[in-house]
Each structure stands twice: as structure tokens, then as C-alpha cells.
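Per this note's numbering, the sequence shown starts with residue 1295, numbered consecutively.
Watch out, some of these pointers could steer you wrong.
[Said to hold, decoys possible] In the BS3-like style, the derived pairs of lysine-lysine whose C-alpha atoms are separated by at most 25 Å in a straight line are:
(1) K1449 to K1651
(2) K1651 to K1711
(3) K1324 to K1520
(4) K1587 to K1568
(5) K1323 to K1567
(6) K1587 to K1449
(7) K1567 to K1587
(8) K1323 to K1491
(9) K1323 to K1568
(10) K1711 to K1568
(11) K1324 to K1567
(12) K1323 to K1440
(13) K1440 to K1651
(14) K1706 to K1520
(15) K1587 to K1324
(16) K1711 to K1324
(17) K1324 to K1707
(18) K1520 to K1449
(19) K1587 to K1650
(20) K1706 to K1442
(21) K1567 to K1651
(22) K1587 to K1522
(23) K1449 to K1650
(24) K1520 to K1707
(25) K1568 to K1520
(26) K1323 to K1587
(27) K1449 to K1567
(28) K1587 to K1520
(29) K1707 to K1442
(30) K1650 to K1440
(31) K1522 to K1449
(32) K1650 to K1324
(33) K1651 to K1707
(34) K1491 to K1324
(35) K1711 to K1650
(36) K1324 to K1706
(37) K1440 to K1587
(38) K1567 to K1520
(39) K1491 to K1651
(40) K1651 to K1323
Don't read these hints as lab results, they were simulated from the structure.
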Amino acid sequence: MILNIPVIPTLALISFIVLLGFIGDVIFKKTNVPSMIWLMLFGLLVGPIFGLLDINVIELLTQFAALFSTLAVIIILFDGGINMDLYKLFKGAPRGLLLSVSTFVLSVFAVALILVFFGFRTIDAFLLGSVIGGTSSPIVIPIILKTKGLRENTKIILSIESAITDAMCIVLAMAIIQLIIIEESIGGPASLGILIKELASTFSIGAMIGVSAGLIWTPLMHRVMKEKFSYVVTLSVLFLVYIITASIVGSTGGTAAGAIACFMFGIVLGNGKKIFNIIRYYHMGFEMDPRTKEYHSLMAFLIRTFFFVYLGLIVSINSVEIVILGVVLSAVLFFIRPITVALSTRGASYFRPFDKKIMTVMMPRGLAAAVLAYLPYQMLGNDIYRIFADITFVVIISTAIMSTVGFVYVMKKNSEKSIEKET
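Modelling step: build the complete structure from the supplied sequences, incorporating the hints.
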């Protein structure tokens, strides 16, 4: 099918979206209001509300959405891998891991319980819970790094949490989607043994290929990174890792295995120097150079900008119930946060009330949720999963507003207390 795409309006739309993404980032740096709010609202305005886009443009975006969602999963997990300091994670800041796991697990279960109450199937409820179960690193990390008075331990914990929860969301969502595919292929619920076997096979193959590729590519990367456009080579290898893994595993669990492989590949590249030092192979070049990370950030920016606008374009919030459900889920996620913060800071006297309050309000949902909102419909093809995008849209907006307002309130109260102490 050949689409009659209006070239000038399409180029104008792309230019405006990228410009809006840049302006949104500038506003975010100055006001802490996330750029995703403006991007999603822009998509909502030009799409569902005013219908300003040509139907061919929307159809073109829809056709490319499957490709971009796969690219986004690859980039998000690779980003989480290269930014994960294994030594800091397991030795220096176990409380960050505790906060990550407790927040994610409680969020998934709480969301699932509410959705089951509203009539969702249990497996679908847990799927949506995994979609919105984690915080957003592109929002959290820039805010905490520039927050004055926040202790270094708190920054480390929040950085670790936001770095690994995206991976948790994607991995669990992929696993649940694989379970649904298995059950549909056999025409009913699968036995626990079959499910465990399939999942173990998928994840072990993905992890093995990812680690092996990382160990092979890390020393080679040092040789090619001196060349111009060396990041393109690493990006190509990353895509090949995904393709090879997905092809080996097959259609049932290929996507999940490929995602795991990309995550493990990123972990090895991000911790290459430490890993090779352990085996007494010392070399200063076994780490990603700043130029490579800069190109990676550019790729992440473009994908992030596209997906938030696209999420606004495809939503069809045509009932108050969807909005209410999204707000209720956001409120539950907000009220869970103090529990997990208290759990992860228990027994540590160096966490001041100010630090705990900042940790409590840092719970926005972002890119991983936006990408995963569309993925179930793309992979499973059931119209029932279209509603995931609508609910996720409301949750992302609501949690971003809650976090922004909460952060401003905490900073204002802390400033007032500082003034009182000085006087």
C-alpha cells in the first residue's frame, strides 16, 4: 500500500516536535516541569482533540511505531546497562536496590489488585502493573543532581533506583506477554512447569548471548572508538545482538530474549574495566568514551521525544472512567512511595527528613511506560490492549504533576526552615 504523504506538513511536524522536545528540556532544567507533559499534550491537541494531522501522516506514524517501540526497548535497556555501576549497586548502595525492588513489586501488585477489582483479567492487570511500575530516570536524575542540600547517599539511591526500574518494567512486561503468547498457542492456561521452563530458557539464552557479546566487543570497542562515528559501530553491534538473540529463540520469546541480551550487553560495556580487572587483564580503555555516550544521549532524546508525542496522538480517552482510573492508580502509586522509602532508609540515621521527603516525591512515570503502553497491542494484536495507552497517558501526566508539585512544596518548606534557623 502506497501512502500519499504530504511532504511539507510532515517535515514541519517533525521539525516542530524536535524543537518542542528541545524547548521542553530547557524548561525542565529551569522549572523541573518534565518536557513529556508538553509533548504528550501537543500530541493530544493535534490528534484526538482538533484532528489537525492528515490521516496519512497518522497512518505512517502508526506503521513506524512498531519499529520505534523495538528501538526504544533496545535503547532503554542498553542505557540502563551502561549506566549501572555493579560495584556501587551491590557493595556501595544496597539500599538503592532495596528501594527499587520494593517500590516496583508493591506498585505492580497494588495496580494489579485495583485493576482486577475493576474487572480486568489477572494476567492483564499484572501486565499493566509492570508497565507503570517504575520511576523515570530521564526525569529523576537531572532533578536530584541539581538539588541543593540533598546528601550524596540520597542521590546515589535515587540514581540507582531510576536506572534499574526501567529495565525491571520492560523485563517483567516482556515475560508476561510471553506467558500470554504461550497460553494462546496451547489454547488455555499453561502448567507452571511449562511456564518456568520457557521463561528460564528465554532469559538464560538472552543473558548468555548478551554477556558473551559484551566480553567480545569491549576490547574491540577500544580499538574502533578512536575512529570517526565509532558510536555507529557500537549501535550496529547492539542491534545485531538483539537480532541474533531474537532469531535464535524464535517468535514465542524472541523479543524478551533480545531485550535481556541488550541489557546484559550494556552492563558488560558499562562495567568493562572492572570486569576485566577481576580477571587480571588491565587496560585503561575498557570503558565507554564520552563521545559514544553523547551520541547515545542524542538517540535517546529523539526516541523519547517521538514516543511522548505519539502516545498523545493515539490515545482515545472517550470516557471519564478512564481518567478516574488513571488518577486512582497514580494516587495509589503516590501513597505506596512513603512505605518503600521508610523501608529502604530504616536504621540509617544519615537520612534526614528532607532527604526522605525528596525520595518520597520522586515517583514520576516516563519513557518506559510510554513505550510499554503500546507494546502489548503491538505484540498480541488484541483490541483490549488499546486501553493500556489511554490509562498510561493519564498516569504519566498525573505522576509528573504530583512529583513536580511535591518537589516544589518540599523545597519551599526546607527553604523556610533554613531562613528560620538563620534568624
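Verification of the hints:
1. K1449 to K1651: Satisfied, since the Cα-Cα distance of roughly 13 Å is no more than 25 Å.
2. K1651 to K1711: Status holds; Cα separation ~14 Å.
3. K1324 to K1520: Violated, because 35 Å separates the two Cα atoms, which is more than 25 Å.
4. K1587 to K1568: holds (18 Å)
5. K1323 to K1567: violated (32 Å)
6. K1587 to K1449: Judged against 25 Å, a Cα distance of about 21 Å means the pair holds.
7. K1567 to K1587: holds (16 Å)
8. K1323 to K1491: At roughly 47 Å apart (the allowed maximum being 25 Å), K1491 and K1323 break the hint.
9. K1323 to K1568: Status violated; Cα separation ~33 Å.
10. K1711 to K1568: violated (43 Å)
11. K1324 to K1567: violated (36 Å)
12. K1323 to K1440: Since the Cα atoms of K1323 and K1440 sit roughly 9 Å apart, the hinted pair holds (cutoff 25 Å).
13. K1440 to K1651: holds (16 Å)
14. K1706 to K1520: violated (47 Å)
15. K1587 to K1324: holds (24 Å)
16. K1711 to K1324: holds (23 Å)
17. K1324 to K1707: holds (19 Å)
18. K1520 to K1449: violated (33 Å)
19. K1587 to K1650: Between K1587 and K1650 the Cα gap is close to 31 Å, so the pair fails against 25 Å, i.e. violated.
20. K1706 to K1442: Roughly 12 Å separates the two Cα atoms, so the pair holds.
21. K1567 to K1651: violated (36 Å)
22. K1587 to K1522: Holds, at roughly 14 Å.
23. K1449 to K1650: holds (11 Å)
24. K1520 to K1707: Status violated; Cα separation ~50 Å.
25. K1568 to K1520: Satisfied, since the Cα-Cα distance of roughly 21 Å is no more than 25 Å.
26. K1323 to K1587: Cα-Cα ~20 Å, so holds.
27. K1449 to K1567: holds (24 Å)
28. K1587 to K1520: holds (14 Å)
29. K1707 to K1442: holds (13 Å)
30. K1650 to K1440: holds (17 Å)
31. K1522 to K1449: Between K1522 and K1449 the Cα gap is close to 35 Å, so the pair fails against 25 Å, i.e. violated.
32. K1650 to K1324: holds (23 Å)
33. K1651 to K1707: holds (11 Å)
34. K1491 to K1324: violated (50 Å)
35. K1711 to K1650: holds (16 Å)
36. K1324 to K1706: holds (16 Å)
37. K1440 to K1587: The given pair, whose Cα atoms are some 20 Å apart, holds under the 25 Å limit.
38. K1567 to K1520: holds (17 Å)
39. K1491 to K1651: violated (43 Å)
40. K1651 to K1323: It holds: about 21 Å lies between the C-alpha atoms, which stays within 25 Å.
Consistency with the previously given hints fails for numbers 3, 5, 8, 9, 10, 11, 14, 18, 19, 21, 24, 31, 34 and 39, ordered from lowest to highest.
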